[in-house]
Amino acid sequence: MSMPRILEVRTRILKANDETARSMRREFERAGVLVVNVVSSPGSGKTSLLKETLTRLAARGEAVAAVVGDLETDNDARRLAESGVPVRQINTHGLCHLEADMVAKHLTGWDLTGFEYLFIENVGNLVCPTSWDLGESLRVALLAVTEGEDKPLKYPGLFNTADVAVITKTDLACACEFDRDAALAAIEAVRPGMPVLETSAKTGAGLDAWLELLGQRRQSLTGG
Amino acid sequence: MCGDGHLSRLYYTGGDAMHELSIAMRVIDLAEVHCRAEGGGQVVAVTLRIGRLAAVEPHALRTALAMAAVGTLLEEATLRIVEVPVAIWCPGCEREVDLPGLVPLACPACGTRSGDIRRGDELDLESLEIMVAEVPA
Numbered sequence: 001m002s003m004p005r006i007l008e009v010r011t012r013i014l015k016a017n018d019e020t021a022r023s024m025r026r027e028f029e030r031a032g033v034l035v036v037n038v039v040s041s042p043g044s045g046k047t048s049l050l051k052e053t054l055t056r057l058a059a060r061g062e063a064v065a066a067v068v069g070d071l072e073t074d075n076d077a078r079r080l081a082e083s084g085v086p087v088r089q090i091n092t093h094g095l096c097h098l099e100a101d102m103v104a105k106h107l108t109g110w111d112l113t114g115f116e117y118l119f120i121e122n123v124g125n126l127v128c129p130t131s132w133d134l135g136e137s138l139r140v141a142l143l144a145v146t147e148g149e150d151k152p153l154k155y156p157g158l159f160n161t162a163d164v165a166v167i168t169k170t171d172l173a174c175a176c177e178f179d180r181d182a183a184l185a186a187i188e189a190v191r192p193g194m195p196v197l198e199t200s201a202k203t204g205a206g207l208d209a210w211l212e213l214l215g216q217r218r219q220s221l222t223g224g
Numbered sequence: 001m002c003g004d005g006h007l008s009r010l011y012y013t014g015g016d017a018m019h020e021l022s023i024a025m026r027v028i029d030l031a032e033v034h035c036r037a038e039g040g041g042q043v044v045a046v047t048l049r050i051g052r053l054a055a056v057e058p059h060a061l062r063t064a065l066a067m068a069a070v071g072t073l074l075e076e077a078t079l080r081i082v083e084v085p086v087a088i089w090c091p092g093c094e095r096e097v098d099l100p101g102l103v104p105l106a107c108p109a110c111g112t113r114s115g116d117i118r119r120g121d122e123l124d125l126e127s128l129e130i131m132v133a134e135v136p137a
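Chains as they are written, first to last, in the numbering used here: chain A, 1 to 224; chain W, 1 to 137.
Next comes chain A alone, as it looks inside the complex (with noise of 0.2 Å):
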């Protein structure tokens, strides 16, 4: 004879992810290196503004690298390595979202202690990466103006999990009549305060202050 018992588990359902994330958390900032995780849809604009990103760091001495999570190929991986910088692509083969050992994984042979900024570019997607800690510093939620002004109010999570958002694409923001106020109206509605910059990866507009922002990131992860 068996008989029912009740276990009270109360646990995170992501436990072992958070666990992973949290070591590699406390690895980068040993290293001193900010971790930035960029999310977005897929086409907004997330591997045209971090190879930008990448290059005009590399022109200023800084060191940097970038791991890119696609389902298939290693497109942005090669877009990326054009910056010059190190870049390794994860591929997965399906899955929606990078997990935290996917990362670590692919950061094998790496020194980290050698670089001042890494930059995880997620698989395109406004969902699935919301619940996965990658271990970064900074997430940062990305809304092309080719994409609807609301979309943060349909894609609620993905933008308050994030510490940043950037507008992208903005060099396009007259041909698509794009209504800046109801966009920024619509991250405010989803994250109160939360710092907004706007970019164009193509004229450079914004990138300057985006470069600040690491900037500022950084030093406060370094306490330098």
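Just so you know, the hints here were simulated from the structure itself, not pulled from any lab data. Keep in mind the model is a prediction, meaning the values are calculated, not measured. C-beta atoms are modelled at their ideal positions from N, C-alpha and C, and glycine is treated no differently. One should not assume that every hint holds.
[Stated by the list, open to error] In silico negatives: residues of chain A with every beta carbon more than 10 Å from chain W:
1. 63
2. 77
3. 83
4. 106
5. 137
6. 220
[As the list claims (entries may be wrong)] Beta-carbon label-pair distances, calculated as ranges:
7. 101/A / 80/W: 25 to 33 Å
8. 78/A / 37/W: 43 to 51 Å
9. 16/A / 132/W: 22 to 30 Å
10. 91/W / 104/A: 33 to 41 Å
11. 116/W / 3/A: 43 to 51 Å
Following the hints, position chain W against chain A.
Showing chain W alone in chain A's frame:
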């Protein structure tokens, strides 16, 4: 919730193609570990607490868990999902308030905006009901 859920491509080193399935597999792993640790032979019920900000669609999770539970200790388990509303601290009212939805993050009573989230991002395995062999007296 996510696309790309083509069955032949479900696996990434033990992974899967939609994030509810990733979550379902973590639930099964955790539940089996806890069940075995208590000498249980079968899980008959699972209770999860899912915050409305957790970006998890309960119906998709239910489907994913039914698929992934086949051949595990959870194969016959009943799933109970407790959805947790979003609660923020309202600096205007000086109290915690539940929100009727996800946005705006503002007090429904006084309208004050607040990003100080107190509840609603839960993704927890709350409890299990397991069958344990009765030791004869």
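Quick check: which numbered hints come out false for this structure?
Going through the list in order, the structure violates no hint and respects every one.
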